[in-house]
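2 protein chains.
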Amino acid sequence: MSTLTAYKEHLQEIGKLQSSLALLHWDQRTYLPKKGHDSRAEVIGKLSKMVFELAICDELGRYLKELEGQDDLSLEDRASVRVVGKAYRRHKAIPPDFYERFAIARSRSETAWEHAKATSGFKHFQPHLEEMIDFSRRFADYYGYEKNPYDALLEEYEPGMTTSELNALNEPLRSKLVPFIKRLLGKGKRPQTGFLKRTFPIDRQRELSLRVLKAMGYDFAAGRLDTTVHPFTITTGPGDVRVTTRFTENDLLSGLFSSMHEGGHALYDQGIAPKLRWSGLDEGASYGIHESQSRMWENMVGRSLSFWTFFQPILAEVFPELAKTPIEAFYQAANVVEPSLIRVEADEVTYNLHIMLRFELEEKLINGRISVADLPHLWQEAMERTLGVVPEDDAHGVLQDVHWSAGMFGYFPSYMLGNLYSAQIFAQVKKEIPELNEHIAHGELANLLGWLREKVHRFGKIYEPKELMTLITGEEPDPSYFMRYITNKYSQLYQL
Amino acid sequence: MSTLTAYKEHLQEIGKLQSSLALLHWDQRTYLPKKGHDSRAEVIGKLSKMVFELAICDELGRYLKELEGQDDLSLEDRASVRVVGKAYRRHKAIPPDFYERFAIARSRSETAWEHAKATSGFKHFQPHLEEMIDFSRRFADYYGYEKNPYDALLEEYEPGMTTSELNALNEPLRSKLVPFIKRLLGKGKRPQTGFLKRTFPIDRQRELSLRVLKAMGYDFAAGRLDTTVHPFTITTGPGDVRVTTRFTENDLLSGLFSSMHEGGHALYDQGIAPKLRWSGLDEGASYGIHESQSRMWENMVGRSLSFWTFFQPILAEVFPELAKTPIEAFYQAANVVEPSLIRVEADEVTYNLHIMLRFELEEKLINGRISVADLPHLWQEAMERTLGVVPEDDAHGVLQDVHWSAGMFGYFPSYMLGNLYSAQIFAQVKKEIPELNEHIAHGELANLLGWLREKVHRFGKIYEPKELMTLITGEEPDPSYFMRYITNKYSQLYQL
Numbered sequence: 002m003s004t005l006t007a008y009k010e011h012l013q014e015i016g017k018l019q020s021s022l023a024l025l026h027w028d029q030r031t032y033l034p035k036k037g038h039d040s041r042a043e044v045i046g047k048l049s050k051m052v053f054e055l056a057i058c059d060e061l062g063r064y065l066k067e068l069e070g071q072d073d074l075s076l077e078d079r080a081s082v083r084v085v086g087k088a089y090r091r092h093k094a095i096p097p098d099f100y101e102r103f104a105i106a107r108s109r110s111e112t113a114w115e116h117a118k119a120t121s122g123f124k125h126f127q128p129h130l131e132e133m134i135d136f137s138r139r140f141a142d143y144y145g146y147e148k149n150p151y152d153a154l155l156e157e158y159e160p161g162m163t164t165s166e167l168n169a170l171n172e173p174l175r176s177k178l179v180p181f182i183k184r185l186l187g188k189g190k191r192p193q194t195g196f197l198k199r200t201f202p203i204d205r206q207r208e209l210s211l212r213v214l215k216a217m218g219y220d221f222a223a224g225r226l227d228t229t230v231h232p233f234t235i236t237t238g239p240g241d242v243r244v245t246t247r248f249t250e251n252d253l254l255s256g257l258f259s260s261m262h263e264g265g266h267a268l269y270d271q272g273i274a275p276k277l278r279w280s281g282l283d284e285g286a287s288y289g290i291h292e293s294q295s296r297m298w299e300n301m302v303g304r305s306l307s308f309w310t311f312f313q314p315i316l317a318e319v320f321p322e323l324a325k326t327p328i329e330a331f332y333q334a335a336n337v338v339e340p341s342l343i344r345v346e347a348d349e350v351t352y353n354l355h356i357m358l359r360f361e362l363e364e365k366l367i368n369g370r371i372s373v374a375d376l377p378h379l380w381q382e383a384m385e386r387t388l389g390v391v392p393e394d395d396a397h398g399v400l401q402d403v404h405w406s407a408g409m410f411g412y413f414p415s416y417m418l419g420n421l422y423s424a425q426i427f428a429q430v431k432k433e434i435p436e437l438n439e440h441i442a443h444g445e446l447a448n449l450l451g452w453l454r455e456k457v458h459r460f461g462k463i464y465e466p467k468e469l470m471t472l473i474t475g476e477e478p479d480p481s482y483f484m485r486y487i488t489n490k491y492s493q494l495y496q497l
Numbered sequence: 002m003s004t005l006t007a008y009k010e011h012l013q014e015i016g017k018l019q020s021s022l023a024l025l026h027w028d029q030r031t032y033l034p035k036k037g038h039d040s041r042a043e044v045i046g047k048l049s050k051m052v053f054e055l056a057i058c059d060e061l062g063r064y065l066k067e068l069e070g071q072d073d074l075s076l077e078d079r080a081s082v083r084v085v086g087k088a089y090r091r092h093k094a095i096p097p098d099f100y101e102r103f104a105i106a107r108s109r110s111e112t113a114w115e116h117a118k119a120t121s122g123f124k125h126f127q128p129h130l131e132e133m134i135d136f137s138r139r140f141a142d143y144y145g146y147e148k149n150p151y152d153a154l155l156e157e158y159e160p161g162m163t164t165s166e167l168n169a170l171n172e173p174l175r176s177k178l179v180p181f182i183k184r185l186l187g188k189g190k191r192p193q194t195g196f197l198k199r200t201f202p203i204d205r206q207r208e209l210s211l212r213v214l215k216a217m218g219y220d221f222a223a224g225r226l227d228t229t230v231h232p233f234t235i236t237t238g239p240g241d242v243r244v245t246t247r248f249t250e251n252d253l254l255s256g257l258f259s260s261m262h263e264g265g266h267a268l269y270d271q272g273i274a275p276k277l278r279w280s281g282l283d284e285g286a287s288y289g290i291h292e293s294q295s296r297m298w299e300n301m302v303g304r305s306l307s308f309w310t311f312f313q314p315i316l317a318e319v320f321p322e323l324a325k326t327p328i329e330a331f332y333q334a335a336n337v338v339e340p341s342l343i344r345v346e347a348d349e350v351t352y353n354l355h356i357m358l359r360f361e362l363e364e365k366l367i368n369g370r371i372s373v374a375d376l377p378h379l380w381q382e383a384m385e386r387t388l389g390v391v392p393e394d395d396a397h398g399v400l401q402d403v404h405w406s407a408g409m410f411g412y413f414p415s416y417m418l419g420n421l422y423s424a425q426i427f428a429q430v431k432k433e434i435p436e437l438n439e440h441i442a443h444g445e446l447a448n449l450l451g452w453l454r455e456k457v458h459r460f461g462k463i464y465e466p467k468e469l470m471t472l473i474t475g476e477e478p479d480p481s482y483f484m485r486y487i488t489n490k491y492s493q494l495y496q497l
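Chains as they are written, first to last, in this note's numbering: chain Y, 2 to 497; chain G, 2 to 497.
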């Protein structure tokens, strides 16, 4: 057997275990009965350990060493060796007993966070957060970095991205976004939403989500829609990409946009070339690129006037009580801008400010420029400064997100990058398909999906995000696309 | 680490992979989207191979050898070593390449059977069945046996049972059953079922099944009910025992009894002592004992007058259109005896004759006393002789069951043993709880469940079936309990 074949078989083995793990996780968050959770955690722990052992085993190291020296590999194989090799070296850099201590501390930290959030008691969580930061710094040391330990953590979520590049994206964006929001809220005309203040039965909301996913081109023969507490998308293989969503009886749009958001993630995974299955490349290019797809369908498509032109009659079929509500009213109601305390409830204009705040704080925490004890205070100060609203307690402030409790430093920026990428990619789509708005207004979403499949989805993880963005749009990531999109859309909407 | 500890860790590893496999199978038969099946088959193949490798590895062999020599083991550990050791030796006896050839042939055979059944073309299936029989004979040779190769196959499903013991159960049963059925159908008064000829919406049937499972004591915090094509029960751990059922709009009782049947299986698994988890003992004592639990709840309980005394008002709540139908009418309609062509649709009186026919044919096939080519003809002859009905085509005859196509010779008898065991165990329950009928009539099913937990469920696979039956009832398996149960019940019902 050639080294390449042996290498691919090894990856298949990892891939099949990861497929099993994906199903175990999906079930855990949808259908697993209460008393099954303890055993499930043990089963997941066991399989995760098996995957980890296969991902750092010496055999794989030998394959990689040999293949990294070969210059006759195909584009895909070269990319696989790059991606798998990088992960191999990162995993190998961590002493197993260190990782085990981290896993135990993380589990304690997550429990402490849950309790702290429920009681809004930051003090209870503080020592755990300090421990997570300490672990993360040491991870960064093990991984290695040039200038900033935060870069080593960022690499996990956005390969090739650095702190200084992130700052270069942030600064111009913030300098325009903050005054624009001020103008919008001061002089703009706020949309009416009163007509949505009613009860929408869950089964009909579900029907609506099924119809919008179908219209988007989501393949139900290769997926399904279920409900959960925190919506997610998960893939057990190219023929099984599952969406979950959440419905609230008195909030029609929240469930609909959640489905479109997850649908955007799912279309990406359904579009990855089948030949990349179990090759280490059968996932999105990065967390940020993945988020660009979910945000594009949720916001650029779902919150556009064209979309509501197409979708209003469908909505009217499912909810006849809204049949007389004009298209424009839905468009307006879907685009209310409101500085708020909670990230996951933020509109697309203020959302990035929530992320910048988190990014700046976590980058300083990792570099020891601020202390955990000062965090609640610094959080409030930053909220006041950027969004003009201040949480009354830590549960609605620094304790709202799970990420830090699980040691996921470097994750937050991908949410913002997703927004920036989505605007830049969407501008390119509109350049290449000038009649896109008309297509959307007629419910012909297949043109958009076809374009995304061809230019983004099929490549999986073959290219790094920056490389991919340049291939797609001819330019490196540039925040001005997002700012232009926001300014144009909301100036018109708010009659500035 | 002591050998015992190392041995237990090894079993835990197997158990955790089997838990994953159970979920992969459950999902495959409930929620997996169509295009996910190819990948899923590969994932299941991979994990099955891993389990198999762990089950025959030399390390395990060494543990077993050492532990088999120790005389200070607990009851559970001794049983675990017995059960795991037996499986180890059986697995080891099969050359890996032989097993692989069997797996490939079986997959082809199952496909050929599906096609043959759809077209009622036995000829198409014949060479595959011949191949499956040939493989099974060779399995028997590898496993080893004293008198009859069929014994070696039976061992897989009913440990400790032999062909001659089976015959000793069959003969007296048949000699009484056949004339009794003749009398019943000739002179008895057939119950009326016309009042059930209507449409019963699936969602309300589901509601009814949920209520009956709850009444039986099935723990929904450690399980769930879903629908599928061929109902089954599956366990991923002591806290997760799932039931599936099937509803047909124009058949109220079929879905209800399917749920009770699977519920009976599930109560068994939910009742296995948690300490047996992942020990090789965390399943039923045998296929026959497992079936005794499903048949007891389905037939002894579900088809009794006491049960309908309790259940008629519940049914009337869910289906108000049946509120005025008297208890006795349901009792009668649930107990129609009708010789029929299809095993899975057979009533409890004629059911065993379907099994005897299959057992006798498959035992002769394995011993080469009949040929596959003669099978359709022999099937028809046996149906005529025992049940008095003859299929018009092979799809409703010899091709109706999947078992033979998958090489599962020795499986069928467990269905009959389940019936015999259930009657014998139920007679013992009634002896020890004389007021059982009144309990059931009041919906107090917890007494019955408590008794079964104490005497049957908690032991899992600690005892072999014969040993367990003797512990429970003081006697070895005896078909006269079943015959008495049938004679008493149906003489009264059919006014003989």
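Take these hints with a grain of salt, some might be off.
Which copy is meant is left open, because identical chains are indistinguishable; a pair holds if it fits in one copy or across any two.
With a straight-line Cα cutoff of 30 Å, these simulated BS3-like cross-link-like pairs (lysine-lysine) come out [stated by the list, open to error]: (1) K276 - K456; (2) K35 - K456; (3) K93 - K35; (4) K87 - K66; (5) K431 - K36; (6) K9 - K50; (7) K124 - K490.
Keep in mind that the hints were calculated from the coordinates and are not lab data.
Structure-based check of all given hints:
no.	hint	in the structure
1	K276 - K456	within (17 Å within a copy, 54 Å between copies)
2	K35 - K456	between (43 Å within a copy, 27 Å between copies)
3	K93 - K35	neither (36 Å within a copy, 38 Å between copies)
4	K87 - K66	within (12 Å within a copy, 44 Å between copies)
5	K431 - K36	neither (51 Å within a copy, 32 Å between copies)
6	K9 - K50	both (20 Å within a copy, 18 Å between copies)
7	K124 - K490	neither (43 Å within a copy, 70 Å between copies)
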